[in-house]
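**Student:** Sequence:
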Amino acid sequence: MDKSPLYFAYSSDINEKSLVKWCEKNGYDYPMKAKVANAWLPDHELIFNYRERENRGRVTNLRRRFGQAVPGVLFEVKPGGWKAIEAKKLVPRCYRPFDAIVLTEDGRQREAVAYRVFADRIAGTFYPPRLDYAAALRDGLLAHGLDDRMLAAVAAGREAPWSIDHIFVYGTLMKGFARHHLLEAWAHPMTRQEARAPGILFDSRKGYPCLIPARGEGRVVKGELYRLQDNRQAFEMLDIVEDFRGYGDARSEFRRAIVRAEAGGTSLPAWAYLYGKPTATFDIIESGDWKNRPFLA
Numbered sequence: 001m002d003k004s005p006l007y008f009a010y011s012s013d014i015n016e017k018s019l020v021k022w023c024e025k026n027g028y029d030y031p032m033k034a035k036v037a038n039a040w041l042p043d044h045e046l047i048f049n050y051r052e053r054e055n056r057g058r059v060t061n062l063r064r065r066f067g068q069a070v071p072g073v074l075f076e077v078k079p080g081g082w083k084a085i086e087a088k089k090l091v092p093r094c095y096r097p098f099d100a101i102v103l104t105e106d107g108r109q110r111e112a113v114a115y116r117v118f119a120d121r122i123a124g125t126f127y128p129p130r131l132d133y134a135a136a137l138r139d140g141l142l143a144h145g146l147d148d149r150m151l152a153a154v155a156a157g158r159e160a161p162w163s164i165d166h167i168f169v170y171g172t173l174m175k176g177f178a179r180h181h182l183l184e185a186w187a188h189p190m191t192r193q194e195a196r197a198p199g200i201l202f203d204s205r206k207g208y209p210c211l212i213p214a215r216g217e218g219r220v221v222k223g224e225l226y227r228l229q230d231n232r233q234a235f236e237m238l239d240i241v242e243d244f245r246g247y248g249d250a251r252s253e254f255r256r257a258i259v260r261a262e263a264g265g266t267s268l269p270a271w272a273y274l275y276g277k278p279t280a281t282f283d284i285i286e287s288g289d290w291k292n293r294p295f296l297a
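156 is the number that our numbering gives to position 156 of the sequence shown; each next residue is one higher, with no gaps.
Possibly wrong hints are sitting among the right ones.
For lysine-lysine, the following DSS-like pairs were computed, each having C-alpha atoms within a straight-line distance of at most 30 Å [what the hints assert, rightly or not]:
hint	residue 1	residue 2
1	Lys89	Lys175
2	Lys35	Lys21
3	Lys206	Lys175
4	Lys35	Lys88
Label-pair restraints from in silico Cβ distances [to be verified]:
hint	residue 1	residue 2	range
5	Ala143	Thr191	26 to 36 Å
6	Phe98	Ser287	18 to 28 Å
7	Phe98	His181	32 to 42 Å
No lab work stands behind these hints, which were simulated from the structure alone. Note that the coordinates shown come from a computational prediction; the quantities given were computed from them, not determined experimentally. Cβ atoms here follow ideal geometry from the backbone N, Cα and C, with glycine treated the same way.
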């Protein structure tokens, strides 16, 4: 089946050793050409809700959860590699492909192919994964520097904590600015830290800045980092404030993205609202700092 060259893997096939072993056993070449980046599938979470007899209840699935993000890895696939991927996924009996928008921590979003269990097959009941399957997935996550808290929770039948629970703000949501009170409602005030993230900052000349991903020139944007109390409730409000209408909706002025923020000597993935429209008529804020921007006449 001809598909996008990019594949978003979130199950045990992110574990290279495990996938190589399966390919050797079943007569396939290793399907991955190269790793592109760590990535997250936004507004979804992992769940074990389908029992496949061949896999004895170990099938990982996805379901919608607003504000959550499933960690995984974005791969380029070799020519012919999709045959191995779909054989392992038991397509079409178990999984079906779908077009996904995934987020990388450089602030970009990418189109990729991902797989979920065919909806008519789901019983809606929790089926605990086999220990060896969960271990392979956990080892794969950790090998790529990804957090395994979501996996640990859902494998035990519990609700997962937010996989990304910080937000990087750089404009009117910062302390002392007009919209900070909106952030205060859902952010822990004691977690505020001065922070920075790669990107290019523009002055919209409308009273707010616009951030776009860096183009490799080493620019950084200064802002603040907060830990959110409840992603769902925070984004129900902030998506409206930032005119984000959903992934893939070109009408959005801003989009909810992921950046790697640095604060207090550490770095971590954080949510941020990046500008989604052309910036050709805007002025770059060379300092990357909205607080210390030049005021235009």
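**Student:** Does the hinted range 18 to 28 Å hold for phenylalanine 98 and serine 287 at CB?
**Tutor:** 42 Å, violated
**Student:** Lying within 26 to 36 Å: is that true of the beta-carbon distance alanine 143 to threonine 191?
**Tutor:** The hinted range 26 to 36 Å holds for alanine 143 and threonine 191, with Cβ atoms some 29 Å apart.
**Student:** Take the C-alpha atoms of lysine 35 and lysine 88, compute the straight-line distance between them, and say whether it is at most 30 Å.
**Tutor:** 19 Å, holds
**Student:** Is the Cα-Cα distance between lysine 206 and lysine 175 30 Å or less?
**Tutor:** 19 Å, holds
**Student:** Range hint 32 to 42 Å: satisfied by the CB atoms of phenylalanine 98 and histidine 181?
**Tutor:** With Cβ atoms ~39 Å apart, the hint holds.
**Student:** Check the hint pairing lysine 35 with lysine 21 against an upper bound of 30 Å on the C-alpha distance.
**Tutor:** Roughly 18 Å separates the two Cα atoms, so the pair holds.
**Student:** Sort out whether lysine 175 lies within 30 Å of lysine 89, counting only the CA atoms.
**Tutor:** 48 Å, violated
Comparing the model with each numbered hint stated earlier shows that hints 1, 6 do not hold.
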